Amino acid sequence: DSGVTQTPKHLITATGQRVTLRCSPRSGDLSVYWYQQSLDQGLQFLIQYYNGEERAKGNILERFSAQQFPDLHSELNLSSLELGDSALYFCASSETGGNNSPLHFGNGTRLTVT
Amino acid sequence: AQSVTQPDIHITVSEGASLELRCNYSYGATPYLFWYVQSPGQGLQLLLKYFSGDTLVQGIKGFEAEFKRSQSSFNLRKPSVHWSDAAEYFCAVGALAAGNKLTFGGGTRVLVKP
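Taken in order, these protein sequences are the chains called A and B.
Throughout the first sequence, residue numbering follows this note's numbering, covering 1 to 114 in sequence.
Throughout the second sequence, residue numbering follows this note's numbering, covering 1001 to 1114 in sequence.
If we strip away everything but chain A, and leave its shape as in the complex, we get:
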């Protein structure tokens, strides 16, 4: 158990809808990351937050947004969903935001868009 909690585990929704994925980091970790895993794109970095502030941005679509709250949990919002957004979305956390701070991954949220 990594200590990172993601909810829900599974989500099925229709095209055009909006969903929110939630992540609670390991106790003591200040940084949260979101990754998307799909068969065709592999693991893609979306965005990183550190202590409530955006720290780094990757291949995150404009329809997607995220935030980290004062209690350090994070939410990833996906809107105007398309079939191609179906994927496994991972949250990870690390103690600091630096690149020598290993990431600890949650078990992911599997999103299916129909």
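Calculated from the structure, these hints are not laboratory results.
A quick note: this is a predicted structure, and the numbers were derived from the prediction, not measured.
One or more of the hints may lead you astray.
[To be verified] Which residues of chain B face chain A? A partial, calculated answer using Cβ under 8 Å:
1. 1032
2. 1042
3. 1044
4. 1049
5. 1051
6. 1090
7. 1102
8. 1104
A virtual CB, placed ideally from N, CA and C, is assigned to each residue, including glycine.
Given the structure of chain A, go ahead and fit chain B onto it with the hints provided.
Structure of chain B alone, referenced to chain A:
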């Protein structure tokens, strides 16, 4: 920008045999390198990491990896595989830019024959 290549998509090994997974990276400076393992339905678990120093690093579950700067490689090895090692393995490189963005390879799926 950094990139990671894992040339082998699938590898099948017999239980008790040795295993080597290849990883080649592209990065302009000294990289931070990681190996993660993903079991079915699970998140990614850190096996080992290289930041600096000894180029042979030991990880959990009996794995080790060797950093070879001249070959831009960070291959993962295990002397004797167990059936429980069947999983997908990801090599990743960390950026030195702000944040802790990890770039992952496409993964190698390991199947273990009895």
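Here is how each hint holds up against the structure:
1. Among the interface hints, the one on residue 1032 of chain B holds; its C-beta lies about 5 Å from the nearest C-beta in chain A, closer than the 8 Å criterion.
2. A distance limit of 8 Å between C-beta atoms decides the matter here; for residue 1042 of chain B the minimum to chain A is near 6 Å, and the interface restraint holds.
3. Annotation: residue 1044 of chain B was flagged as interfacial toward chain A, and the flag holds, the nearest CB pair being 4 Å apart, inside 8 Å.
4. For residue 1049 of chain B, the interface hint holds, since its Cβ comes within 8 Å of a Cβ in chain A; the closest pair sits about 6 Å apart.
5. A hinted interface residue such as residue 1051 of chain B counts as satisfied when its beta carbon comes closer than 8 Å to some beta carbon of chain A; here the least separation is about 5 Å, so the hint holds.
6. With a cut of 8 Å, the hint placing residue 1090 of chain B at the interface with chain A holds, because the nearest CB-to-CB distance is about 7 Å.
7. Nearest Cβ of chain A to the Cβ of residue 1102 of chain B: about 6 Å, under the 8 Å cut. The hint holds.
8. This hint holds: residue 1104 of chain B has a C-beta 4 Å from the nearest C-beta of chain A, less than the 8 Å allowed.
When the structure is compared with the earlier hints, no violation turns up for any of them.
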